[in-house]
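Chemist: Could you put the whole structure together from the sequences, leaning on the hints where they help?
Note that the protein sequences, when read in sequence, are chains A and B.
Reminder that position 449 of the first sequence reads as 449 in my numbering, one-by-one numbering, no gaps.
Reminder that position 20 of the second sequence reads as 20 in my numbering, one-by-one numbering, no gaps.
Errors might be hidden in some of the hints.
Pairs involving identical chains hold if they fit within one copy or between any two copies, as the list cannot separate such chains.
[As the list claims (entries may be wrong)] Calculated pairs, DMTMM-like style, for lysine to aspartate or glutamate (alpha carbon to alpha carbon, straight line, at most 20 angstroms):
1. Lys109 - Asp325
2. Lys524 - Glu474
3. Lys324 - Asp413
4. Lys263 - Glu79
5. Lys403 - Glu356
6. Lys189 - Glu377
7. Lys544 - Asp359
8. Lys242 - Asp501
9. Lys492 - Glu539
10. Lys517 - Asp4
11. Lys263 - Glu435
12. Lys544 - Asp456
13. Lys492 - Asp456
14. Lys544 - Asp53
The set of hints was computed from the structure by calculation and includes no laboratory data.
Note that the coordinates shown come from a computational prediction; the quantities given were computed from them, not determined experimentally.
Number of protein chains: 2
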Amino acid sequence: MTKDRLIYLPLGGAGEIGMNAYVYGYGPEGKERLILVDLGVTFPDMDSSPGVDLILPDTAWLEANAHRLEAIFITHAHEDHIGALAHLWPRLKAPVYARRFTGRIAEMKLDEAGIATDILHIVAPRPDTVNVGPFKVQFVPVSHSIPESSALVIDTPAGRIVHTGDFKLDGNPIVGEAFDPLLWHEIAKEGVRVMTCDSTNIFNPNPGRSEATLAVPLGEFIAAQTGMVVATTFASNVARLKTLAEAAQASGRSICMLGRAMKKMLSAAVESGVLTDFPPIVTPEEAVHIPRENLMLIVTGSQGERRAASAQLSRGKYLGLSMKDGDTFLFSSKTIPGNERGVIRIMNAFSEMGVEVVDDRGGLYHTSGHANRPDLEAVHDLLAPEILIPMHGEHRHLREHAKIAMAKGIASDVVTNGMMMDLTTSRPQVVEYIETGRTYLDGTVLIGALDGVVRDRIRMGLNGHVLVTVIIDEDDVPLGDAWVETMGLADKGRSGSSLGDQIEDELAEFLERANNKLVASDQKLDEAIRRIVRQVSMEEIGKKPEVSVVISRLAAE
Amino acid sequence: MTKDRLIYLPLGGAGEIGMNAYVYGYGPEGKERLILVDLGVTFPDMDSSPGVDLILPDTAWLEANAHRLEAIFITHAHEDHIGALAHLWPRLKAPVYARRFTGRIAEMKLDEAGIATDILHIVAPRPDTVNVGPFKVQFVPVSHSIPESSALVIDTPAGRIVHTGDFKLDGNPIVGEAFDPLLWHEIAKEGVRVMTCDSTNIFNPNPGRSEATLAVPLGEFIAAQTGMVVATTFASNVARLKTLAEAAQASGRSICMLGRAMKKMLSAAVESGVLTDFPPIVTPEEAVHIPRENLMLIVTGSQGERRAASAQLSRGKYLGLSMKDGDTFLFSSKTIPGNERGVIRIMNAFSEMGVEVVDDRGGLYHTSGHANRPDLEAVHDLLAPEILIPMHGEHRHLREHAKIAMAKGIASDVVTNGMMMDLTTSRPQVVEYIETGRTYLDGTVLIGALDGVVRDRIRMGLNGHVLVTVIIDEDDVPLGDAWVETMGLADKGRSGSSLGDQIEDELAEFLERANNKLVASDQKLDEAIRRIVRQVSMEEIGKKPEVSVVISRLAAE
Numbered sequence: 001m002t003k004d005r006l007i008y009l010p011l012g013g014a015g016e017i018g019m020n021a022y023v024y025g026y027g028p029e030g031k032e033r034l035i036l037v038d039l040g041v042t043f044p045d046m047d048s049s050p051g052v053d054l055i056l057p058d059t060a061w062l063e064a065n066a067h068r069l070e071a072i073f074i075t076h077a078h079e080d081h082i083g084a085l086a087h088l089w090p091r092l093k094a095p096v097y098a099r100r101f102t103g104r105i106a107e108m109k110l111d112e113a114g115i116a117t118d119i120l121h122i123v124a125p126r127p128d129t130v131n132v133g134p135f136k137v138q139f140v141p142v143s144h145s146i147p148e149s150s151a152l153v154i155d156t157p158a159g160r161i162v163h164t165g166d167f168k169l170d171g172n173p174i175v176g177e178a179f180d181p182l183l184w185h186e187i188a189k190e191g192v193r194v195m196t197c198d199s200t201n202i203f204n205p206n207p208g209r210s211e212a213t214l215a216v217p218l219g220e221f222i223a224a225q226t227g228m229v230v231a232t233t234f235a236s237n238v239a240r241l242k243t244l245a246e247a248a249q250a251s252g253r254s255i256c257m258l259g260r261a262m263k264k265m266l267s268a269a270v271e272s273g274v275l276t277d278f279p280p281i282v283t284p285e286e287a288v289h290i291p292r293e294n295l296m297l298i299v300t301g302s303q304g305e306r307r308a309a310s311a312q313l314s315r316g317k318y319l320g321l322s323m324k325d326g327d328t329f330l331f332s333s334k335t336i337p338g339n340e341r342g343v344i345r346i347m348n349a350f351s352e353m354g355v356e357v358v359d360d361r362g363g364l365y366h367t368s369g370h371a372n373r374p375d376l377e378a379v380h381d382l383l384a385p386e387i388l389i390p391m392h393g394e395h396r397h398l399r400e401h402a403k404i405a406m407a408k409g410i411a412s413d414v415v416t417n418g419m420m421m422d423l424t425t426s427r428p429q430v431v432e433y434i435e436t437g438r439t440y441l442d443g444t445v446l447i448g449a450l451d452g453v454v455r456d457r458i459r460m461g462l463n464g465h466v467l468v469t470v471i472i473d474e475d476d477v478p479l480g481d482a483w484v485e486t487m488g489l490a491d492k493g494r495s496g497s498s499l500g501d502q503i504e505d506e507l508a509e510f511l512e513r514a515n516n517k518l519v520a521s522d523q524k525l526d527e528a529i530r531r532i533v534r535q536v537s538m539e540e541i542g543k544k545p546e547v548s549v550v551i552s553r554l555a556a557e
Numbered sequence: 001m002t003k004d005r006l007i008y009l010p011l012g013g014a015g016e017i018g019m020n021a022y023v024y025g026y027g028p029e030g031k032e033r034l035i036l037v038d039l040g041v042t043f044p045d046m047d048s049s050p051g052v053d054l055i056l057p058d059t060a061w062l063e064a065n066a067h068r069l070e071a072i073f074i075t076h077a078h079e080d081h082i083g084a085l086a087h088l089w090p091r092l093k094a095p096v097y098a099r100r101f102t103g104r105i106a107e108m109k110l111d112e113a114g115i116a117t118d119i120l121h122i123v124a125p126r127p128d129t130v131n132v133g134p135f136k137v138q139f140v141p142v143s144h145s146i147p148e149s150s151a152l153v154i155d156t157p158a159g160r161i162v163h164t165g166d167f168k169l170d171g172n173p174i175v176g177e178a179f180d181p182l183l184w185h186e187i188a189k190e191g192v193r194v195m196t197c198d199s200t201n202i203f204n205p206n207p208g209r210s211e212a213t214l215a216v217p218l219g220e221f222i223a224a225q226t227g228m229v230v231a232t233t234f235a236s237n238v239a240r241l242k243t244l245a246e247a248a249q250a251s252g253r254s255i256c257m258l259g260r261a262m263k264k265m266l267s268a269a270v271e272s273g274v275l276t277d278f279p280p281i282v283t284p285e286e287a288v289h290i291p292r293e294n295l296m297l298i299v300t301g302s303q304g305e306r307r308a309a310s311a312q313l314s315r316g317k318y319l320g321l322s323m324k325d326g327d328t329f330l331f332s333s334k335t336i337p338g339n340e341r342g343v344i345r346i347m348n349a350f351s352e353m354g355v356e357v358v359d360d361r362g363g364l365y366h367t368s369g370h371a372n373r374p375d376l377e378a379v380h381d382l383l384a385p386e387i388l389i390p391m392h393g394e395h396r397h398l399r400e401h402a403k404i405a406m407a408k409g410i411a412s413d414v415v416t417n418g419m420m421m422d423l424t425t426s427r428p429q430v431v432e433y434i435e436t437g438r439t440y441l442d443g444t445v446l447i448g449a450l451d452g453v454v455r456d457r458i459r460m461g462l463n464g465h466v467l468v469t470v471i472i473d474e475d476d477v478p479l480g481d482a483w484v485e486t487m488g489l490a491d492k493g494r495s496g497s498s499l500g501d502q503i504e505d506e507l508a509e510f511l512e513r514a515n516n517k518l519v520a521s522d523q524k525l526d527e528a529i530r531r532i533v534r535q536v537s538m539e540e541i542g543k544k545p546e547v548s549v550v551i552s553r554l555a556a557e
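Modeler: Listed below in structure tokens is the structure:
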């Protein structure tokens with residue numbers, strides 16, 4: 001018994017915002033029984049992952065230890081917490097636990113992936129308890145920017161863990177449960193060994209604001225507009241959808257929702273019972289016939305996503321609806337760092353149409369779903385954990401959060417993906433470094449981020465590509481000239497003639513001079529051709545392209 | 001005489017922030033004598049211009065009318081105003097006018113490009129006047145974030161134009177001239193026909209702050225640090241360099257400048273006489289031997305640029321210097337939208353080293369070089385122009401600026417790149433749409449943004465590339481099987497075997513069945529092969545790659 005230990009191993013989400021996946025284990029070293037909290041994705045970008053569809057955590061370690069995995073718990077239905085579930089579940093095959101709304105979203109995802117949904121278990125909030133292996137797990141309602149977000153109270157023989165999930169302190173979150181300090185006080189009473197805590201807004205020095213503070217300014221704003229109003233926010237922010245819809249209704253506007261995610265989230269909220277009194281909505285077909293001043297659209301695409309409804313509207317007609325001079329577009333949202341270019345593109349496209357574009361006006365029309373520093377500190381004090389592990393943050397967030405905890409005398413450390421920590425000892429200690437990383441969903445295939453596939457794409461994207469074909473006859477003599485095709489490279493360079501022709505000329509000269517021994521070796525010939533291609537390209541256009549050489553050897557018959 | 005007109009034609013900078021190039025003309029329609037104000041660049045990104053080195057305005061129209069171009073005026077030495085000068089001058093060949101500091105930077109650029117610098121004329125500020133064709137042009141000192149920034153007063157027979165350039169209202173800009181309301185009052189007295197005005201900060205509702213307000217907070221901050229301090233800002237912000245250096249000196253620190261741009265700007269500032277009393281600096285070789293607590297580095301790379309000094313330090317040792325636990329890195333700068341990812345990458349890399357990373361703390365350690373809305377309005381009122389043309393802004397900025405002007409009864413309009421405006425009539429009127437756009441410096445070659453070269457690179461970057469080689473003999477019969485190479489694509493897909501092999505098998509089967517007529521036609525064979533490659537790829541990996549087909553036909557001998 002004395003050899004049993006409590007371990008913590010983030011596989012994603014620790015050292016980044018996104019792709020959350022946290023493992024806890026309890027038992028003898030190497031034989032700990034495991035649970036996984038969350039299994040999310042992060043989103044690709046052109047800089048580092050062009051053409052990739054989704055980025056998932058590398059769960060190789062967990063797959064190799066799947067026989068020890070008791071269960072998967074999903075704290076809430078944001079993509080960075082649930083998005084990888086259907087993609088990776090077949091490799092993990094453990095029962096999944098979630099609350100109703102989250103469960104409904106999980107069900108849709110599993111269903112689409114052809115996974116039987118009976119692996120999914122819907123859990124009521126504390127005091128309901130899931131007993132798996134050495135763990136007793138309860139879902140504790142917290143306020144966030146999606147319904148039924150939960151912290152987890154994980155009781156183990158080594159003590160209590162409170163895994164906060166994503167949360168804010170909101171006494172009136174409009175949809176879902178308010179933050180309840182008494183409940184947390186009660187949880188704290190029995191003693192908290194470890195608090196694993198959201199770090200997203202650790203750098204924000206102001207107390208967070210309630211979702212409820214938005215109703216009046218949004219209502220006044222929408223009532224003051226004279227044309228059509230189009231508002232965007234995260235589809236999963238059901239409370240915001242409700243606030244926006246009620247404001248529209250109050251100003252005599254019909255409400256129309258655009259974008260698949262909107263419908264999906266709204267129906268999940270209704271089906272799971274978390275949303276009961278949403279104003280009536282009209283279809284796009286009906287909306288077309290409603291005077292613009294009596295219409296409000298609530299649309300997807302707050303982050304400038306190219307295929308979302310907002311971007312479609314910024315390019316022209318969408319489902320028969322279009323924006324024009326005198327209309328208003330409202331971002332009831334914040335731009336996530338990295339998405340600025342897409343958001344600005346849409347703003348300017350609307351500006352060209354004469355549409356008034358309004359952002360969150362410094363928080364007047366949007367509030368964050370994460371606890372700010374003073375709120376986080378209040379919860380530290382409320383729970384008084386022995387150990388605080390910052391999670392859900394980039395390295396700089398985790399570091400700041402750990403510093404704050406340590407300044408209060410709480411044992412803390414910066415724990416990033418792949419660091420397996422022993423939480424049984426007085427201070428958290430690294431016991432092993434697990435290889436982690438990113439897995440790409442690329443088309444329909446999962447590939448490793450370091451497999452070189454995407455690296456090659458980036459290189460072609462930056463440098464262009466030259467293809468060289470040479471045919472070598474039975475006697476190791478080149479048959480005709482090399483054939484060159486270029487892609488993604490300037491047609492003409494310094495000499496004023498075609499780059500392809502220049503390379504072909506240079507290769508012809510080389511092949512003429514080349515001795516049989518060189519021509520006979522695929523490797524040497526390949527290397528020599530590459531060198532010439534790059535050299536000519538550099539001289540002509542100042543770039544070193546990627547080069548593919550195809551050597552076809554005619555077999556002696 | 002009555003047929004002469006005054007025209008304005010932005011070729012860059014109107015509808016975007018960057019790539020400034022504004023044409024003014026006066027004379028009979030189609031025969032106006034022209035001047036160009038500024039010739040800047042904008043910077044590429046992976047999303048839209050991977051692998052591109054610089055983005056320049058498309059000056060085709062101006063090149064075609066180069067015989068009418070009297071002169072080029074450069075308002076200041078920021079890259080978005082001067083960066084294209086050396087690249088495009090050979091196509092325009094007009095004399096260039098600038099003040100000393102700007103001229104020194106221009107000289108370096110022309111020199112590097114092998115252009116004789118005698119085309120460059122250094123002009124003193126107003127009342128000095130450049131007479132070119134029908135224009136009398138004066139440089140009017142304004143405060144901005146680079147020394148000797150200037151507005152232009154352009155007198156024409158149709159009245160006075162004030163082209164503000166980039167400016168802020170700063171009574172104490174540390175380096176260079178303060179904003180002088182009396183000077184502007186005097187300019188306004190003679191009547192202003194047109195004000196062409198900076199719009200960058202039109203959405204900022206607060207009065208701008210002087211560069212001088214930073215000295216105390218920066219001084220206190222630097223004095224409070226116990227390790228090495230590294231600060232970054234734009235190298236061209238010579239005033240900031242001075243404030244930082246003086247703060248370092250006051251706290252007993254030696255100053256070391258890292259990054260080529262730093263040295264270039266500092267020496268240009270000294271050589272041109274705008275900077276006279278900069279604290280002494282030490283070389284990196286000397287800095288290595290100075291205790292960290294007595295050292296401050298001022299480095300390039302405030303925007304997270306991968307090759308700048310800040311990024312080099314974030315990756316480890318740079319010129320013998322490296323950061324460590326207890327050191328401080330200060331961004332005395334703002335992140336330009338679109339650069340967030342690069343900046344955040346550096347912040348986290350420093351965080352991993354234990355370095356304290358501090359941003360501008362909401363303006364405490366940085367102030368903008370552009371006038372905010374109240375400042376802009378003050379200048380509108382001071383100059384009281386008949387017409388206000390917003391420039392230097394995205395569409396949304398120009399639109400907002402025009403609305404504000406019109407609300408005051410000033411004639412205004414949103415004028416974007418390529419709109420040739422007649423400014424002689426009571427309200428500005430579009431007289432012609434000129435084809436404009438972007439020119440890419442790609443390696444050493446200038447290519448059009450719409451030439452398809454970069455589009456092909458983006459496609460390869462997103463979709464990967466499959467190369468197919470087939471050899472067809474003298475009788476139109478395939479010689480052996482097709483040869484397939486893939487680049488940037490998953491090795492294995494749904495079937496579990498190599499994607500390349502799968503495609504080759506499918507192509508072999510196709511070639512076996514294909515009739516002579518199809519094989520005899522390059523076009524038909526190419527199309528058929530492409531279709532098969534895409535189909536197999538879609539089935540195997542869920543992606544449609546770019547395809548290049550090389551058909552080699554053996555000539556009948």
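Chemist: Now, for every hint given, state plainly whether the structure supports it.
Modeler: Now the hints, each set against the structure:
1. In this assembly of identical chains, the alpha carbons of Lys109 and Asp325 never lie at most 20 angstroms apart, being 40 angstroms within a copy and 45 angstroms across copies at closest.
2. Taking CA atoms no more than 20 angstroms apart as the test, Lys524 paired with Glu474 passes inside one copy only; the shortest distance there is 18 angstroms, against 29 angstroms between copies.
3. Only between protomers do Lys324 and Asp413 lie at most 20 angstroms apart by alpha-carbon distance; the minimum there is 18 angstroms, versus 53 angstroms within a single protomer.
4. For the identical chains of this complex, Lys263 and Glu79 are intra-copy neighbours only, at 16 angstroms inside a copy versus 47 angstroms across copies, given an alpha-carbon limit of 20 angstroms.
5. Only between protomers do Lys403 and Glu356 lie at most 20 angstroms apart by alpha-carbon distance; the minimum there is 11 angstroms, versus 44 angstroms within a single protomer.
6. Within a single copy, Lys189 and Glu377 get their C-alpha atoms as close as 18 angstroms, which meets the 20 angstroms cut-off; across copies the closest is 59 angstroms, which misses it.
7. In this assembly of identical chains, the alpha carbons of Lys544 and Asp359 never lie at most 20 angstroms apart, being 43 angstroms within a copy and 37 angstroms across copies at closest.
8. In the homo-oligomer, the alpha carbons of Lys242 and Asp501 never lie at most 20 angstroms apart, since the shortest distance is 63 angstroms inside one protomer and 53 angstroms across protomers.
9. Within a single copy, Lys492 and Glu539 get their C-alpha atoms as close as 12 angstroms, which meets the 20 angstroms cut-off; across copies the closest is 37 angstroms, which misses it.
10. For the identical chains of this complex, Lys517 and Asp4 are neighbours neither inside a copy (66 angstroms) nor across copies (75 angstroms), given an alpha-carbon limit of 20 angstroms.
11. With identical chains, the CA atoms of Lys263 and Glu435 are never at most 20 angstroms apart, being 39 angstroms at best within one copy and 43 angstroms at best between copies.
12. In this assembly of identical chains, Lys544 and Asp456 lie within 20 angstroms of each other by CA distance both inside one copy and across copies; the values are 14 angstroms within and 16 angstroms between.
13. Within a single copy, Lys492 and Asp456 get their C-alpha atoms only as close as 25 angstroms, which misses the 20 angstroms cut-off; across copies the closest is 16 angstroms, which meets it.
14. In the homo-oligomer, the alpha carbons of Lys544 and Asp53 lie at most 20 angstroms apart only across protomers (13 angstroms), although the nearest pairing inside one protomer, at 29 angstroms, exceeds that limit.
The structure does not agree with the numbered hints 1, 7, 8, 10, 11 stated previously, though it agrees with the rest.
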